[in-house]
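Single-letter residue listing:
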Amino acid sequence: MARSLWTGSISFGLVNVPVALFSAVRDLDVHFRQLHEKDGAPIETRRFCSEEDKEVPFEAVAHGYEEDGKKQVVLTDEDLAAAAPRKTRTIDIEAFVDLEDVDPMYFDHPSFLAPVGDAEGNLRAYRLLVKVLASTDRAALGRFVLRSKEYLVLVRVRDDRLALTTLLFHDEVRPTKGIDTGGRKPAKAQLDATVKLVEALAVDWDPESYEDHYRERLLEVIERKRKGRKIVAPESSSGGREGPPPDIMEALKASLERARSGEGFDLAAEDDDGSDGADGLEDLSREELYERAQKENVPGRSSMSRKDLIDALSD
Amino acid sequence: MARSIWNGTIAFGLMTVPVKLHTATESKTVSFREVHIDDGAHVEHRRFCSKEDKEVPYKEVVKGYEVSDGKFVVLEKDEIAAAAGDGAHRIDVEHFVDAGAIDPIYFAKTYYLGAGDDGGQAYRLLHDALEKTGRAGIGRFTFHDREYLTAVRARDGVLVLHTLRYADELVPGSDIEVATPGRGPGDKEVKMAARLVDTLHAKFDPTDYDDEYREAVLSVVERKRKGEDIVREEQPETDDSADLMATLEASLRGAKGGR
Numbered sequence: 001m002a003r004s005l006w007t008g009s010i011s012f013g014l015v016n017v018p019v020a021l022f023s024a025v026r027d028l029d030v031h032f033r034q035l036h037e038k039d040g041a042p043i044e045t046r047r048f049c050s051e052e053d054k055e056v057p058f059e060a061v062a063h064g065y066e067e068d069g070k071k072q073v074v075l076t077d078e079d080l081a082a083a084a085p086r087k088t089r090t091i092d093i094e095a096f097v098d099l100e101d102v103d104p105m106y107f108d109h110p111s112f113l114a115p116v117g118d119a120e121g122n123l124r125a126y127r128l129l130v131k132v133l134a135s136t137d138r139a140a141l142g143r144f145v146l147r148s149k150e151y152l153v154l155v156r157v158r159d160d161r162l163a164l165t166t167l168l169f170h171d172e173v174r175p176t177k178g179i180d181t182g183g184r185k186p187a188k189a190q191l192d193a194t195v196k197l198v199e200a201l202a203v204d205w206d207p208e209s210y211e212d213h214y215r216e217r218l219l220e221v222i223e224r225k226r227k228g229r230k231i232v233a234p235e236s237s238s239g240g241r242e243g244p245p246p247d248i249m250e251a252l253k254a255s256l257e258r259a260r261s262g263e264g265f266d267l268a269a270e271d272d273d274g275s276d277g278a279d280g281l282e283d284l285s286r287e288e289l290y291e292r293a294q295k296e297n298v299p300g301r302s303s304m305s306r307k308d309l310i311d312a313l314s315d
Numbered sequence: 001m002a003r004s005i006w007n008g009t010i011a012f013g014l015m016t017v018p019v020k021l022h023t024a025t026e027s028k029t030v031s032f033r034e035v036h037i038d039d040g041a042h043v044e045h046r047r048f049c050s051k052e053d054k055e056v057p058y059k060e061v062v063k064g065y066e067v068s069d070g071k072f073v074v075l076e077k078d079e080i081a082a083a084a085g086d087g088a089h090r091i092d093v094e095h096f097v098d099a100g101a102i103d104p105i106y107f108a109k110t111y112y113l114g115a116g117d118d119g120g121q122a123y124r125l126l127h128d129a130l131e132k133t134g135r136a137g138i139g140r141f142t143f144h145d146r147e148y149l150t151a152v153r154a155r156d157g158v159l160v161l162h163t164l165r166y167a168d169e170l171v172p173g174s175d176i177e178v179a180t181p182g183r184g185p186g187d188k189e190v191k192m193a194a195r196l197v198d199t200l201h202a203k204f205d206p207t208d209y210d211d212e213y214r215e216a217v218l219s220v221v222e223r224k225r226k227g228e229d230i231v232r233e234e235q236p237e238t239d240d241s242a243d244l245m246a247t248l249e250a251s252l253r254g255a256k257g258g259r
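Protein chains in written order, with my numbering: chain A, 1 to 315; chain B, 1 to 259.
Do not take every clue at face value.
Unchecked claim - Straight-line alpha carbon distances no greater than 35 Å define the calculated DSBU-like cross-link-like pairs of lysine-lysine that follow:
no., chain 1, residue 1, chain 2, residue 2
1, A, LYS149, B, LYS132
2, B, LYS71, B, LYS59
3, B, LYS59, A, LYS295
4, B, LYS109, B, LYS63
5, B, LYS71, A, LYS227
6, A, LYS131, B, LYS188
7, A, LYS71, A, LYS149
8, B, LYS54, A, LYS225
9, A, LYS230, B, LYS59
What the hints assert, rightly or not - One-sided and incomplete, this derived list gives chain B residues near chain A with beta-carbon spacing under 7 Å:
no., residue
10, LEU21
11, HIS22
12, ALA24
13, ALA41
14, LYS132
15, TYR166
16, GLY173
17, ASP187
18, VAL190
19, HIS201
20, PHE204
21, ASP211
22, LYS224
23, ARG225
What the hints assert, rightly or not - Simulated coverage check for chain A against chain B, where a stretch passes if three residues somewhere in it have a Cβ under 8 Å from a Cβ of chain B:
no., segment
24, 92 to 100
25, 113 to 127
26, 165 to 177
27, 183 to 189
28, 287 to 295
29, 304 to 312
Hints in this document: simulated from the structure, not taken from any laboratory. Backbone N, C-alpha and C fix where the C-beta goes; we use that ideal spot for every residue, glycine too.
Sequences and hints are given; from them, build the entire structure.
Given below as C-alpha cells:
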C-alpha cells in the first residue's frame, strides 16, 4: 500500500474517526530529466541569491509577497504557519449535501481515506459513515489542512471506501460571461436530427476502453531511439480548423445514415501508428479480435461477428 | 471579451462545429517568490552539470529518459513532439455517453468552449442536443503537444470540455486496505447516523465557502507589512470516540440544539 499523505481524523458531530489519506491518482506520465548535452550528466538546480551571486542554502529561503506599487513583504515558514491556526489534524464535516448539487467542475484532487489502527470502535465508526453515505446520495462537506494549506473537501463513498476530493473555491471557477454561446434557438427539425445523431453514436461509458495513446507513443519513441533507430515526426497537420458544414441539415442526415448503416466515419485520429495492421487478423479467434477491437475502440464491437470484427479492424 | 487559448473544430459524424477554447478555472492560492532571507533578494535557480560542477547554459540542456539506473536515452524536442499526435485542430468525438455516468473522479481540468467563426448555429445545435439528451461527447484532441481524452457536455448554456484521467491512472479502492470490524454497525446506529446526516443537511452553494486560508495568509502579509510579530496559536486536538452510540446521541442533541 502506498504511503499516506496525511493522518488525522474525520469528525462529524462528536464522532471522531482516525484516518489516513491516500492519493487516488497515480502519476503514469513519462518523466524526463534534464541532462547536460556534452557529457550526459544530470543537471542539478542550485539556488542563488540574485544580489550577492552566492549559493543560498534551503534554510535561508523565505517567501516574498509582491503587490503592484507596494514594497515586498518577506514571510518566513513560521509566519506562514500562523495562517493555519485551525485544527490541522481534523477533517471537520460542516454539512451533508446532495451529490448532484456539486458541479463536477469543482472536483480537484481525489483521494481515499482509510481507518487507522485496529481499534474496534474506530473501524465500526468508519463502516458506519460508509454505510450511511452509500445509502443516501449525499456527501459530507468539510475543511482540512494539508501541508499548511486549507482545503474545502467533499467526502463520499467509492469502491466501498470513504473517498475525499478537494474542491475548487467558487471564485476559482471563472464566470462564463463573454463566452460566445452561438446563435438563436435552433430550428426544431435540425435539433431533432442532431439529437438522433447523438443517440445513434451513443455507447455505454466504459472508462477501461480508453488508453493513453500519447504515453504509448512516447514510450515507443524512446524505445526506438534506444535501439538507435531514426524518429520521424508525423506531418504536422495544419488542417482541422474547419468551418461548419455548408448545409447543416444535409450533413446531419448523411451522418445519421452512415451511423445507422454501421459504415462509420473515417476518424483520422484512430490507429495512426499503423502497428496493428490487417496482417494475421484471419488467424485470430473472435475473443482475440474482440480484445483488439476494445483496444481500438471499435464502436458496436460487442454485437459483431468474427468476420465483422476482421472487417472493422482492417479498415 | 474572454481570450481564447485554442481554436479548432469539434467533429462528430460529418458534422463540424467551430469552437474556441477558454480557461474556466484558475488557482487563487496566494503565491510567493523565493527570496533570500538575509537581504530579501530574489532566489534564482541555476542549472549545474553534476559531473563538472559548472553552470550550464539553457541551450546545452537536453531531455533524458532514465531506462535503467543512471542510463538515459536522450530525446530531441521534436522527437518528443512526434508523440503528440498530428496536431490537427480537431476534437474528434468518437461517441456519446450518458454524462451522469462519468464519475467526476475522471475529470481533470475544465475549459469553456465558445462558438468559433461562423459556428454559432452548429454550436447551439450541439449544445442543445447534449442538454436534451444528457449526454457528453468523448473525443481526443491535441493541446500543447500532448493528446488528451476529453468529455464535452452542456452546462448552463455553455459547452464545457473536461480533460479526462485514464482508468489506469486511478487507484482502485482494493489497493487501500480497510480492516473490517468484528461487529458491523447495527441498524440502530445506522438509523441514528442517518438522522444526524439529515439534521446537518444543507443545500450546496459554493459561494457559502470562502477560502479562509487565503484570507488568513493575506492578513499575515498585512500584519507583517506593518511590522507586527506573528505568533502561532496552538489548538488542542480532540479525542477519538469510544462509545459510538453515546457519541451519536450527543451529536444529534448538539446538532439540533445548534439550529
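Taking the hints in turn, this is what the structure says about them:
1. A:LYS149 <-> B:LYS132: violated, 40 Å
2. B:LYS71 <-> B:LYS59: holds, 22 Å
3. B:LYS59 <-> A:LYS295: violated, 40 Å
4. B:LYS109 <-> B:LYS63: This hinted pair holds, its Cα atoms lying about 26 Å apart.
5. B:LYS71 <-> A:LYS227: Given that 35 Å is the threshold and the Cα spacing comes to 14 Å, the pair holds.
6. A:LYS131 <-> B:LYS188: holds, 13 Å
7. A:LYS71 <-> A:LYS149: holds, 25 Å
8. B:LYS54 <-> A:LYS225: holds, 28 Å
9. A:LYS230 <-> B:LYS59: holds, 23 Å
10. LEU21: violated, 10 Å
11. HIS22: Holds: closest Cβ of chain A sits about 6 Å from HIS22 of chain B, inside 7 Å.
12. ALA24: This hint holds: ALA24 of chain B lies near chain A, its Cβ roughly 6 Å from the closest one there, short of 7 Å.
13. ALA41: holds, 4 Å
14. LYS132: At about 6 Å, which falls below the 7 Å cut-off, the nearest Cβ of chain A leaves the hint on LYS132 of chain B intact, so it holds.
15. TYR166: holds, 5 Å
16. GLY173: This hint holds: GLY173 of chain B lies near chain A, its Cβ roughly 2 Å from the closest one there, short of 7 Å.
17. ASP187: violated, 10 Å
18. VAL190: Constraint on VAL190 of chain B satisfied, holds at 6 Å.
19. HIS201: holds, 5 Å
20. PHE204: holds, 4 Å
21. ASP211: With a minimum Cβ separation of about 5 Å from chain A (threshold 7 Å), the hint on ASP211 of chain B holds.
22. LYS224: At 5 Å from the nearest chain A Cβ, LYS224 of chain B passes the 7 Å test, so the hint holds.
23. ARG225: holds, 5 Å
24. 92 to 100: Since three or more residues must qualify, the claim that chain B covers the segment 92 to 100 of chain A holds, with 6 doing so at under 8 Å.
25. 113 to 127: holds (count 12)
26. 165 to 177: Held - the segment 165 to 177 of chain A has 11 residues with a Cβ nearer than 8 Å to chain B, which meets the minimum of three.
27. 183 to 189: With 4 residues closer than 8 Å to chain B, the segment 183 to 189 of chain A meets the three-residue bar; holds.
28. 287 to 295: This one is violated; 0 residues, fewer than the three required, reach chain B with a Cβ under 8 Å.
29. 304 to 312: Coverage by chain B is violated here, the residue count being 0 at a Cβ distance below 8 Å.
Consistency note: the structure conflicts with the earlier hints numbered 1, 3, 10, 17, 28 and 29.
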